[in-house]
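Enquirer: Each chain, written out:
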Amino acid sequence: MYIEAIRKIWEMSGFAALTWQHGVMILIACVLMYFAIVKKFEPLLLLPISFGMLLANLPLAGLMGAPMGEEAGGLLYYLYQGVKLGIYPSLIFMGIGAMTDFGPLIANPSSLLLGAGAQFGIIVAFIIAVALGFDPKAAASIGIIGGADGPTAIYLTSKLSPDLLPAIAIAAYSYMALIPMIQPPIMRLLTTEKERKIEMKQLREVSKLEKVCFPIIVTILCVLLLPSVAPLIGMLMLGNLFRESGVVERLSDTAQNALINIVTIFLGVTVGATSSAERFLRLETIKIIALGLAAFAFSTVGGILLGKLMCVLTKGKVNPLIGSAGVSAVPMAARVSQIEGQKANPRNFLLMHAMGPNVAGVIGSAVAAGILLTLFG
Amino acid sequence: MTFYESLMVGLFCFTGVFLVLVVLNLLIRLFSAVLGSAAKKTSSAAKPEPPAATSQQTVKTPETKDSSNQVELIDVDDATAAVIMAIVSHETGIPLSNLEFKYIKLVQ
Chain A
1 MYIEAIRKIW
11 EMSGFAALTW
21 QHGVMILIAC
31 VLMYFAIVKK
41 FEPLLLLPIS
51 FGMLLANLPL
61 AGLMGAPMGE
71 EAGGLLYYLY
81 QGVKLGIYPS
91 LIFMGIGAMT
101 DFGPLIANPS
111 SLLLGAGAQF
121 GIIVAFIIAV
131 ALGFDPKAAA
141 SIGIIGGADG
151 PTAIYLTSKL
161 SPDLLPAIAI
171 AAYSYMALIP
181 MIQPPIMRLL
191 TTEKERKIEM
201 KQLREVSKLE
211 KVCFPIIVTI
221 LCVLLLPSVA
231 PLIGMLMLGN
241 LFRESGVVER
251 LSDTAQNALI
261 NIVTIFLGVT
271 VGATSSAERF
281 LRLETIKIIA
291 LGLAAFAFST
301 VGGILLGKLM
311 CVLTKGKVNP
321 LIGSAGVSAV
331 PMAARVSQIE
341 GQKANPRNFL
351 LMHAMGPNVA
361 GVIGSAVAAG
371 ILLTLFG
Chain B
378 MTFYESLMVG
388 LFCFTGVFLV
398 LVVLNLLIRL
408 FSAVLGSAAK
418 KTSSAAKPEP
428 PAATSQQTVK
438 TPETKDSSNQ
448 VELIDVDDAT
458 AAVIMAIVSH
468 ETGIPLSNLE
478 FKYIKLVQ
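Chains as they are written, first to last, in the numbering used here: chain A, 1 to 377; chain B, 378 to 485.
It should be emphasised that the hints constitute simulated quantities derived from the structure, not laboratory data.
A portion of the hints provided could be inaccurate.
As the list claims (entries may be wrong) - Some residues of chain B that are not near chain A, with every Cβ distance over 10 angstroms (derived):
#1 Asp-452
#2 His-467
#3 Tyr-480
Stated by the list, open to error - A short, non-exhaustive set of chain B residues, derived as facing chain A with CB atoms under 10 angstroms:
#4 Thr-379
#5 Phe-380
#6 Leu-384
#7 Leu-396
#8 Asn-402
#9 Ala-416
#10 Ile-451
#11 Ala-456
#12 Ala-458
#13 Met-462
#14 Ile-464
Note that the Cβ used here is the ideal one computed from N, Cα and C, for glycine as well.
Working from the sequences, and respecting the hints, build out all of it.
Expert: Structure (structure tokens):
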């Protein structure tokens, strides 16, 4: 009788339902947790994503199970609705807006062009993805990795190709953490020593009135031109207005601290939990990871080449290195420009100049996502 | 979708991003110019010239929770002091609001 009971317990347990695919996914989840905790690769997102992946691949837990009849769905199923409905990425953008100083961009609006140039990788990855057999919606979702913007990538992918969400999210956040390794060789390859040494003039002071008007003007222009971009740009600029208005300190503080942290947890865990073995262990995942790297590389190329063009047009006043900061991984890409600039010329302080294209890239990648959503949504 | 079609879509998307950001660029320049000229008209005539690098002056650091934080500058101008404080913050990885500078002195 006892043996029968033990046998029944065993048969009902997750151990009996465990397959080798689950084992592989659990291993991958543990490797990603290692990268997040030990190597500190974007731990704020990679840790919850990897743990969500672990939870999703422990059989019979049913955390992502949809409701059936009178039986309620799993915990993560309900939390995932925030991703599915595009709520979490938009709220994260509000927090990002509340943390971002657009002063360097307002002081030098030409930075917007560098932010545009660095979206080149989106296009290249899209074209290659189509050539590799992905349908246009999937190709657009893969291409947006080149925008180096996690919330934008998750937002677009959840609308166009939710099946690819785990692979794209993991690729996007992993490569963002690897920017200090991916970008410098490309930057050195495409620029001369003389160009890297260019010192840029100090940026003008930006008034508070300009900083307050900026989010309002950007919202009006972008949302009228591209209504599909309203959730991302609208929330980004709302957060920024909280910050710059100076009259809602509590809201600004909440947006950039408590709110973004709560949403990050829900977003990360639920995105990770979509990476079931059937979805993740496919040839497409390897293609996505390779295409993601290509997208990042070509975005850097696009930004640098446009930076070189601006250098020529301004007769040497713009250091092309700041072009790579148009890849919107704020502020990491700007720091890389600063470090490479100082390697060539220790008196060179490019950080604030690079912040302009860096934050412009956030707007640029959101606009690119809006266009792709309009075309394929 | 054929390769040619994907190329056209890609170019369309890239051009679209560029156009939106070019228009934004022009709008920002326009409103900066308008706000700048409006500010000039309303400001009082002959703003006093800022003093040349004084041998000793105090500068208030960016607003922190402790708002009485002031830095003493000895033979250093404001711009240089700001750069030094920013570099220290960047190199140490500590936000500026968590740093307290007592004084910055030029050592010759």
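Enquirer: Give a verdict on every hint.
Expert: Structure-based check of all given hints:
1. Even its closest Cβ contact with chain A, about 20 angstroms, leaves Asp-452 (chain B) beyond 10 angstroms, as expected for a residue assigned away from the interface.
2. At the 10 angstroms boundary, the C-beta of His-467 (chain B) falls inside the reach of chain A, the nearest C-beta of that chain being 7 angstroms off.
3. With 10 angstroms as the threshold on Cβ separation, the claim that Tyr-480 (chain B) sits away from chain A holds: the shortest Cβ distance comes to roughly 22 angstroms.
4. Because the closest C-beta pair between Thr-379 (chain B) and chain A is about 8 angstroms apart, less than 10 angstroms, the hint holds.
5. Hint on Phe-380 (chain B) holds. Least Cβ distance to chain A is approximately 6 angstroms, under the 10 angstroms limit.
6. Taking 10 angstroms as the C-beta contact cut-off toward chain A, the hint placing Leu-384 (chain B) at the interface holds, the least distance being around 6 angstroms.
7. The interface hint given for Leu-396 (chain B) is met, as the beta carbon of that residue sits about 9 angstroms from the closest beta carbon of chain A, less than 10 angstroms.
8. Look at Asn-402 (chain B): its Cβ gets to within about 5 angstroms of chain A, closer than 10 angstroms, so that hint holds up.
9. The criterion of a C-beta within 10 angstroms of any C-beta in chain A is met by Ala-416 (chain B), whose closest approach is roughly 7 angstroms, and the hint holds.
10. Evaluation of the Ile-451 (chain B) hint against chain A yields a violated restraint, the C-beta minimum of about 22 angstroms exceeding 10 angstroms.
11. Checking Ala-456 (chain B) against chain A by beta carbon gives a least distance of about 7 angstroms; that is within 10 angstroms, so the hint holds.
12. About 14 angstroms separates the beta-carbon of Ala-458 (chain B) from the nearest beta-carbon of chain A, more than 10 angstroms, and the hint is not met.
13. Evaluation of the Met-462 (chain B) hint against chain A yields a violated restraint, the C-beta minimum of about 13 angstroms exceeding 10 angstroms.
14. The interface hint given for Ile-464 (chain B) is met, as the beta carbon of that residue sits about 8 angstroms from the closest beta carbon of chain A, less than 10 angstroms.
Hint compliance for this structure: hints 2, 10, 12 and 13 are broken, all remaining hints hold.
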